[in-house]
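> Here is what each chain is made of, one letter per residue.
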Amino acid sequence: MKTKVLRVILFFLIILIIPAFTLLGEKETVSYNENKTLAEFPKLSFESWKNRSFMTGLSDYFSDHFVLREEFIRFKNSIEKIIGKNEINEVFEINGNLIQTFKNIDYKLTDRNISAMNKLKSKNPDVAFYFVPIITAQEIYSELLPAYLNLESEADYIEYCKSKLIGVEITDVSREIHDTDYPFYKTDHHWTTDSAYNAYVKVSEKLGFTPLGTESFKIESVSDEFRGTLYSKTLNEKITSDTIKAYKTDTEFVFTVKEEKHESLYFEKFLNEKDKYSYFLSGNHGISSIENKSISEKKELLLIKDSYANCFVPFLAEHYSKITLVDPRYCSHTQIRGINPSEYNEVIILFNVSGFSQEQNFSLIELMGGSND
Amino acid sequence: MVFSEPVFMFLFLPVSLLVYYAVPFRFKNAVLFFTGLLFYSWGEPVYVLIMVLSTLIDYLAGRTMDRFDSNNRIRKIALVISVIMNLSLLGVFKYSGFLIDSVNSLFNLSLYNPDLPLPIGISFFTFQSMSYTIDLYRRKITVQKSFIKFAAFVTMFPQIVAGPIVLYDDIAKELEERKINFEAVSNGISIFICGLCKKVLIANSVGELWTSVKDSDYSSLPAATAWLGIIAFTLQIYFDFSGYSDMAVGLGKMLGFNFPKNFDYPYNSKTVSDFWRRWHMTLGGWFKNYVYFPLGGSRNGKVKTIRNLLIVWFLTGMWHGASWNFIIWGVYYGILLILEKFVFASVIKRLPTVITRIYTLLAVVFGWIIFEIYSPALMLSFIGSMFGTSGILYDSFTLNAIHNYSLTLIIAAITSSGLPLRIWKKISSGRKSDGLCIAGEAIGMAASIAYLVDASYNPFLYFNF
Numbered sequence: 001m002k003t004k005v006l007r008v009i010l011f012f013l014i015i016l017i018i019p020a021f022t023l024l025g026e027k028e029t030v031s032y033n034e035n036k037t038l039a040e041f042p043k044l045s046f047e048s049w050k051n052r053s054f055m056t057g058l059s060d061y062f063s064d065h066f067v068l069r070e071e072f073i074r075f076k077n078s079i080e081k082i083i084g085k086n087e088i089n090e091v092f093e094i095n096g097n098l099i100q101t102f103k104n105i106d107y108k109l110t111d112r113n114i115s116a117m118n119k120l121k122s123k124n125p126d127v128a129f130y131f132v133p134i135i136t137a138q139e140i141y142s143e144l145l146p147a148y149l150n151l152e153s154e155a156d157y158i159e160y161c162k163s164k165l166i167g168v169e170i171t172d173v174s175r176e177i178h179d180t181d182y183p184f185y186k187t188d189h190h191w192t193t194d195s196a197y198n199a200y201v202k203v204s205e206k207l208g209f210t211p212l213g214t215e216s217f218k219i220e221s222v223s224d225e226f227r228g229t230l231y232s233k234t235l236n237e238k239i240t241s242d243t244i245k246a247y248k249t250d251t252e253f254v255f256t257v258k259e260e261k262h263e264s265l266y267f268e269k270f271l272n273e274k275d276k277y278s279y280f281l282s283g284n285h286g287i288s289s290i291e292n293k294s295i296s297e298k299k300e301l302l303l304i305k306d307s308y309a310n311c312f313v314p315f316l317a318e319h320y321s322k323i324t325l326v327d328p329r330y331c332s333h334t335q336i337r338g339i340n341p342s343e344y345n346e347v348i349i350l351f352n353v354s355g356f357s358q359e360q361n362f363s364l365i366e367l368m369g370g371s372n373d
Numbered sequence: 001m002v003f004s005e006p007v008f009m010f011l012f013l014p015v016s017l018l019v020y021y022a023v024p025f026r027f028k029n030a031v032l033f034f035t036g037l038l039f040y041s042w043g044e045p046v047y048v049l050i051m052v053l054s055t056l057i058d059y060l061a062g063r064t065m066d067r068f069d070s071n072n073r074i075r076k077i078a079l080v081i082s083v084i085m086n087l088s089l090l091g092v093f094k095y096s097g098f099l100i101d102s103v104n105s106l107f108n109l110s111l112y113n114p115d116l117p118l119p120i121g122i123s124f125f126t127f128q129s130m131s132y133t134i135d136l137y138r139r140k141i142t143v144q145k146s147f148i149k150f151a152a153f154v155t156m157f158p159q160i161v162a163g164p165i166v167l168y169d170d171i172a173k174e175l176e177e178r179k180i181n182f183e184a185v186s187n188g189i190s191i192f193i194c195g196l197c198k199k200v201l202i203a204n205s206v207g208e209l210w211t212s213v214k215d216s217d218y219s220s221l222p223a224a225t226a227w228l229g230i231i232a233f234t235l236q237i238y239f240d241f242s243g244y245s246d247m248a249v250g251l252g253k254m255l256g257f258n259f260p261k262n263f264d265y266p267y268n269s270k271t272v273s274d275f276w277r278r279w280h281m282t283l284g285g286w287f288k289n290y291v292y293f294p295l296g297g298s299r300n301g302k303v304k305t306i307r308n309l310l311i312v313w314f315l316t317g318m319w320h321g322a323s324w325n326f327i328i329w330g331v332y333y334g335i336l337l338i339l340e341k342f343v344f345a346s347v348i349k350r351l352p353t354v355i356t357r358i359y360t361l362l363a364v365v366f367g368w369i370i371f372e373i374y375s376p377a378l379m380l381s382f383i384g385s386m387f388g389t390s391g392i393l394y395d396s397f398t399l400n401a402i403h404n405y406s407l408t409l410i411i412a413a414i415t416s417s418g419l420p421l422r423i424w425k426k427i428s429s430g431r432k433s434d435g436l437c438i439a440g441e442a443i444g445m446a447a448s449i450a451y452l453v454d455a456s457y458n459p460f461l462y463f464n465f
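As they're listed, the protein sequences go chains A and B. Read in order, the letters of the first sequence correspond to residues 1 to 373 in this note's numbering. Read in order, the letters of the second sequence correspond to residues 1 to 465 in this note's numbering.
It should be emphasised that the hints constitute simulated quantities derived from the structure, not laboratory data. Yeah, the Cβ is synthetic: ideal placement off N, Cα and C, and Gly gets one too.
Derived PhoX-like pairs (lysine-lysine); straight-line CA-CA distance at most 20 angstroms:
(1) B/K214 to A/K103
(2) B/K432 to A/K4
(3) A/K218 to A/K245
(4) A/K85 to A/K103
(5) A/K218 to A/K248
(6) A/K299 to A/K206
(7) A/K4 to B/K179
(8) A/K27 to A/K43
(9) A/K261 to A/K322
(10) A/K119 to A/K162
(11) A/K27 to A/K274
(12) A/K4 to B/K425
(13) B/K432 to A/K2
(14) A/K2 to B/K179
Short, incomplete list of chain B residues facing chain A, as computed with Cβ under 8 angstroms:
(15) P14
(16) V46
(17) V185
(18) H403
(19) N404
Some chain A residues flagged as far from chain B (calculated, every beta-carbon gap over 12 angstroms):
(20) A116
(21) D156
(22) S163
(23) E237
(24) T240
(25) R337
(26) G369
Please put together the full structure from these sequences, using the hints given.
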């Protein structure tokens with residue numbers, strides 16, 4: 001009988017304490033890990049009751065502010081591990097690194113994206129085009145990831161792209177990334193600045209200029225508390241946080257985004273926020289540009305890119321009087337049409353492999369140099 | 001609202017229980033009625049009016065039968081009104097769209113389909129209320145004079161949405177008088193947590209596997225994946241539905257009611273007819289009592305028995321959803337039962353139990369294919385892929401699924417046989433083991449909460465029926 005009373009008391013404690021703390025506890029307004037604003041308490045009215053927005057609102061509010069929410073999710077993740085699921089939201093833990101896996105390479109989309117590149121090149125025969133695909137961490141750890149996943153080799157994927165490109169030269173920097181000591185962040189899907197530097201050395205050779213040696217830079221660790229997207233997906237606290245490095249020089253740049261001019265390519269304020277990778281170029285923008293005051297002759301580069309380029313472009317910026325950055329994921333048709341590749345000395349297309357294979361908006365680049373009527 | 005939802009478990013339930021326990025006994029049924037209304041209108045803020053109206057009509061039909069106790073004509077009229085009203089509710093809200101679509105496609109017409117949304121639990125509460133008026137007409141029970149008590153029977157939150165189908169007779173006594181003590185509440189909590197774990201930890205998890213198999217292209221589906229998928233669904237539907245029934249029974253006990261059992265280890269069945277005595281028992285019981293027996297059951301010779309069985313199973317299939325595949329599914333069982341009864345009865349008796357159990361399980365698994373895949377063409381394509389029409393035995397998805405789900409599937413399969421519970425009872429009999437039980441329940445509950453907090457994936461399968 002004693003145990004029965006105990007069970008009843010325990011059960012009621014649980015179903016009373018949880019709502020008490022959930023409703024009365026201190027509230028966050030934003031979830032950085034999920035990159036969303038948390039639900040507010042819904043307003044009760046005849047209308048919101050009738051159309052059920054009150055009910056769904058309360059349900060969202062309750063789950064969003066659930067007491068010890070992240071601890072419960074971590075508890076769930078450890079149970080999953082015990083029962084044999086070593087993947088959380090498609091992320092694996094390998095040797096202290098979180099690795100995102102991409103199970104479905106979309107070849108149809110790849111073909112479409114490559115044909116867009118080919119078409120743009122054929123419209124601008126006098127401009128040199130370079131495609132720089134960046135492998136992801138999955139490729140580095142491919143041998144340690146479970147064999148049953150049967151993941152496709154990104155090296156093969158790059159070969160596939162190579163075979164389809166017409167007039168566009170591919171610059172494969174995979175070797176350079178493999179040779180980097182700390183190639184990818186442990187808690188984020190991006191490559192590190194070290195990888196980007198090594199890739200820059202390779203790309204420079206291809207483009208015919210001498211890359212700056214490491215001694216030319218002041219290499220700073222700007223943050224060692226970076227926990228990126230893969231941490232958000234897994235909430236895995238056992239993985240130590242990452243260090244973000246910046247390779248700095250004294251060159252003066254003007255970085256223009258949305259008609260606002262900045263004197264630096266680095267944005268300190270993001271180092272205090274969750275999304276610390278935005279330290280580079282303040283994140284992703286549809287169209288932006290970098291001017292280098294120290295180069296007097298006109299040498300301009302068009303860089304069609306995703307976020308992997310953000311930590312890479314400061315290196316190239318040392319060699320061009322102006323770089324125009326176009327991120328087709330964030331551009332309107334009008335903006336894209338306003339860009340004309342024939343005005344540039346070179347065009348570089350830099351994307352990470354898995355992003356490129358799944359990017360719906362990439363083929364927008366075909367519109368470049370078109371009329372806006 | 002469903003039971004495995006944070007808002008239910010951590011707002012509705014504690015508040016309702018506290019109010020329910022706090023008020024004196026004469027107000028408890030009223031609390032049940034109002035919390036039931038709140039619970040139901042949470043999911044159906046408008047249709048709740050229909051439910052109240054139907055409850056009122058059934059109540060009045062009951063009062064009328066009682067008032068004109070000696071006038072058989074009036075009693076019959078009252079019954080007919082109640083039955084017609086309940087069946088029309090089902091007809092209009094559940095079957096009108098299906099009927100119009102079928103007529104349109106049969107005769108190439110384009111009649112307007114209003115596409116009415118299905119009120120939650122309508123198949124359950126109409127059947128429950130009908131049991132009252134029919135039994136009253138048959139003089140099996142006495143009238144309920146209090147509207148609040150009758151309404152509490154229909155609307156009480158543990159059973160309104162997904163059963164078990166509680167007959168008025170089952171809880172008539174408890175509506176008047178019931179004991180709520182630590183023993184009952186404690187048992188109720190155990191059963192509730194057990195159901196919660198079945199639903200959240202097992203059904204939802206293996207359900208993810210089935211969803212991804214179901215959504216794939218059957219023409220290139222590897223044989224092993226097809227089997228894995230349908231086994232996952234077989235376990236999902238059992239743990240989902242029986243887990244939900246357990247939660248209902250547990251909540252009933254916390255409120256002082258003893259609801260009938262709805263599942264009795266159905267996957268241990270030795271024959272298909274055995275299966276239907278152990279699966280959704282309250283539904284089978286309902287059809288037996290209110291359709292099969294009134295039609296004459298098996299007393300009027302072979303032909304009539306076969307006819308009666310086919311009618312019952314046609315209706316059972318239809319009860320599960322307004323779509324042809326459910327009707328096929330029902331008739332499929334009707335035919336299997338007829339064959340077992342009239343053709344293979346002696347064969348089945350002579351076969352070893354292992355063989356008949358395998359036959360029953362396979363019959364049930366194939367039944368679930370009909371149940372789950374709406375289009376007959378896709379159904380055949382899926383069955384084909386189980387037998388290798390894709391020419392592939394397994395692929396990386398299969399290996400991935402085996403890696404991620406095999407432990408859960410094995411635990412689920414063993415649990416569904418009831419073996420672990422039997423062993424536990426043997427070990428613990430005569431010993432003080434309740435402390436260990438509490439620890440186990442606490443872990444189960446914590447894990448369920450963790451999965452619920454994490455889950456965006458929390459569908460409830462029996463919602464549409």
